[in-house]
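One-letter residues, chain by chain:
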Amino acid sequence: MTLHIEGVHKAYGDRPVLRGVDLRIEPGEVTGLLGLNGAGKSTLVTIVAGLLPPDAGRVLVGGVDVGRHPHRARAHLGLAPQDLGIYPSVTVRDNLTLFGRLAGLRGARLRERIDKVADALELEKLFDRQGRALSGGEQRRLHTALAMLHEPRLLLLDEPTVGVDVATRSRLLQAVRDLAADGAAIGYSTHYLAELDTLRATVAILHEGTIVRRGTLAELVDTHGRAAVDLTFTERVPDGLDFGPDAVVRGATVRLPSSDPAKTAAEALGLLGAHGSAVRSVELVRPDLETVFLSITGHLPQEVAA
Amino acid sequence: MITASLTRGAALARHEVRILAQDPSPLVALVVMPLLVITFLRPAFRSILVQEGYAAANGSEQAVPGLTVMFSFFVVSFGGLMLFREHGWHTWARLQVAGVRTVEIVAGKTAPLLLLLAVQFALVFGLGSALFGFRLHGSPPAAAAVFLALACWLVALTMLMFAVCRTDQQMIALTNVLTMLFGGLGGALVPVDSLPSWARAVSPATPGYWAIRGFRSVTLDGAGLSAVATPVAVLTGSAVVLAALAAALLHRTPTKSAKGTRGY
Ligand SMILES: Nc1ncnc2c1ncn2[C@@H]1O[C@H](COP(=O)(O)OP(=O)(O)OP(=O)(O)O)[C@@H](O)[C@H]1O
Ligand SMILES: [Mg+2]
Chain A
1 MTLHIEGVHK AYGDRPVLRG VDLRIEPGEV TGLLGLNGAG KSTLVTIVAG LLPPDAGRVL
61 VGGVDVGRHP HRARAHLGLA PQDLGIYPSV TVRDNLTLFG RLAGLRGARL RERIDKVADA
121 LELEKLFDRQ GRALSGGEQR RLHTALAMLH EPRLLLLDEP TVGVDVATRS RLLQAVRDLA
181 ADGAAIGYST HYLAELDTLR ATVAILHEGT IVRRGTLAEL VDTHGRAAVD LTFTERVPDG
241 LDFGPDAVVR GATVRLPSSD PAKTAAEALG LLGAHGSAVR SVELVRPDLE TVFLSITGHL
301 PQEVAA
Chain B
1 MITASLTRGA ALARHEVRIL AQDPSPLVAL VVMPLLVITF LRPAFRSILV QEGYAAANGS
61 EQAVPGLTVM FSFFVVSFGG LMLFREHGWH TWARLQVAGV RTVEIVAGKT APLLLLLAVQ
121 FALVFGLGSA LFGFRLHGSP PAAAAVFLAL ACWLVALTML MFAVCRTDQQ MIALTNVLTM
181 LFGGLGGALV PVDSLPSWAR AVSPATPGYW AIRGFRSVTL DGAGLSAVAT PVAVLTGSAV
241 VLAALAAALL HRTPTKSAKG TRGY
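If you're matching them up, the sequences are chains A and B in order. Its first residue numbered 1, the first sequence is counted upward by one per residue in the working numbering. Its first residue numbered 1, the second sequence is counted upward by one per residue in the working numbering.
Chain A with its partners taken away, still in its complex shape (with noise of 0.2 angstroms):
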């Protein structure tokens, strides 16, 4: 079912979050949403989910527009929003089986789709504690569960992996591919880049309230990655210096976007001076998703999920 989003404006009050927000999701496709906190992804995926109105431009879900006809939107969406949002003194079997009947499931259906999202996410040994007994990784995967018991075809996931361990995360991935290899479009937010690689997925980067970049990783690293050198300080890049307009500050390292990284590798040494005792490490970053990210957002990922 294709996800399509069209010119979505939306403002808090005066402060404009979403400022004409234009994305398409087509069946099959898993889209990694990508952007700093604060960028509007979870605003846009509520959007998307028919739960807050935007202030202009309009949703289709599978040709239906989810601002005139939620209910009928919605019937084949799946959405595991940010906040958990489970429930806290019933089972894990009790939960599942309450979205379950609401998508209209019952007997041996329901109990047939109850067993596989509880392996594909594995709870099944969980299956008779409270959801308030569950570890914070464990809640997390019982609400991704209830997002996806349905089967749905538009599968909305906004950082489902935070707090999830290795194995789990793994194990969540390969599911979302799986309903994806079903034909199910799939929107999923994250901060981690490695994740959407595992996932196959295609990007779309939400930065100052548009999608600024979009397409497959590889055509995102081809056109907008640019290599660099990062020179990292023992201590703290030491002040007076000049590298140039494209330098980024992280910390104790400083990143220097360039096409020929050896080359700026050379130059920004002999720059140093005396400083020259102060760097740690240089190290030549290949072009990967992350360096995309970072000239256009000026922040790694990882700095962002931290």
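Just so you know, the hints here were simulated from the structure itself, not pulled from any lab data. Please note that the accuracy of each hint is not assured.
Unchecked claim - Partner residues are not named here, just some residues of chain B that face chain A (Cβ under 10 angstroms, in silico):
id, residue
1, Ala-10
2, Ile-19
3, Pro-26
4, Leu-27
5, Leu-41
6, Trp-92
7, Leu-95
8, Ala-145
9, Asp-193
10, His-251
11, Arg-252
As the list claims (entries may be wrong) - Rough simulated footprint, nothing fancy, chain A against chain B, three-plus residues with beta-carbon under 8 angstroms:
id, region
12, 78-91
13, 96-110
14, 174-181
Treat the numbers as computed from the prediction; the structure is a model and nothing was measured. Every residue gets a Cβ at the ideal spot worked out from N, C-alpha and C, and that includes glycine.
Let chain A serve as the given structure and place chain B with the ligands on it in line with the hints.
Here is chain B with the ligands on its own, set in the frame of chain A:
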């Protein structure tokens, strides 16, 4: 569409019963409060009833149903908490995304209050007969009919209050005031005939009046079904009006979920 709606409402109601079963503390308040007050007021009610001409009365005929009715109003606060905590749990938005309409959420989650009320009445009436010599005297189906009409009225009020109130605090404050007002005016604290004349005049505008009048005719006059027809009709009729009003208001405010929680 109607059956899908009922299915979703029923699924939510079943789920809510499970939540209630995990923490039945509301029941303690609903049962213990009337029993305590009955202990204090029964002797006074006895003198009043004897004066009214019920020579054999022991006071429980008025005290037990009257105070159970009065404290039954607290289910409206509990219902409010049950609804508003869905926002705190962030599950309200999830129910909406799961295709549940606001009216279905509210109806599904408040329907189990009927069960809570049934247990309250059964326990207070049962303990009242063990502790205070309470007897029904009249027809049990008549008492059951009055109970059911009152319970439906309370569920409808819960829906309406939720439609009107913006926060759970508001709902609880308003309910506490209504409990005292409707209970006092309805004759739960002193019989209606002993109320000040202005209060006697407005008393029939309160549900407590009709419920207590219905129960009194069963416990004091030994009445059957036909004798409680008027109170049952008044309560049921106004319950339908309240529920319709609530449904209309909830229908107009599909974004109710936005309150309390960020963004959702
Ligand atoms: N209910 C709200 N009222 C006012 N401002 C809000 C509300 N929700 C979000 N905002 C603001 O809108 C902006 C976008 O928030 P949003 O949650 O969509 O960002 P995000 O991209 O999901 O960020 P994160 O990576 O931290 O999850 C932020 O500046 C936030 O402070
Ligand atoms: Mg977010």
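So, going through the hints one by one against the coordinates:
no., hint, in the structure
1, Ala-10, "holds (8 angstroms)"
2, Ile-19, "holds (6 angstroms)"
3, Pro-26, "violated (13 angstroms)"
4, Leu-27, "violated (15 angstroms)"
5, Leu-41, "violated (36 angstroms)"
6, Trp-92, "holds (8 angstroms)"
7, Leu-95, "holds (7 angstroms)"
8, Ala-145, "violated (32 angstroms)"
9, Asp-193, "violated (46 angstroms)"
10, His-251, "violated (13 angstroms)"
11, Arg-252, "violated (15 angstroms)"
12, 78-91, "holds (count 3)"
13, 96-110, "holds (count 6)"
14, 174-181, "violated (count 0)"
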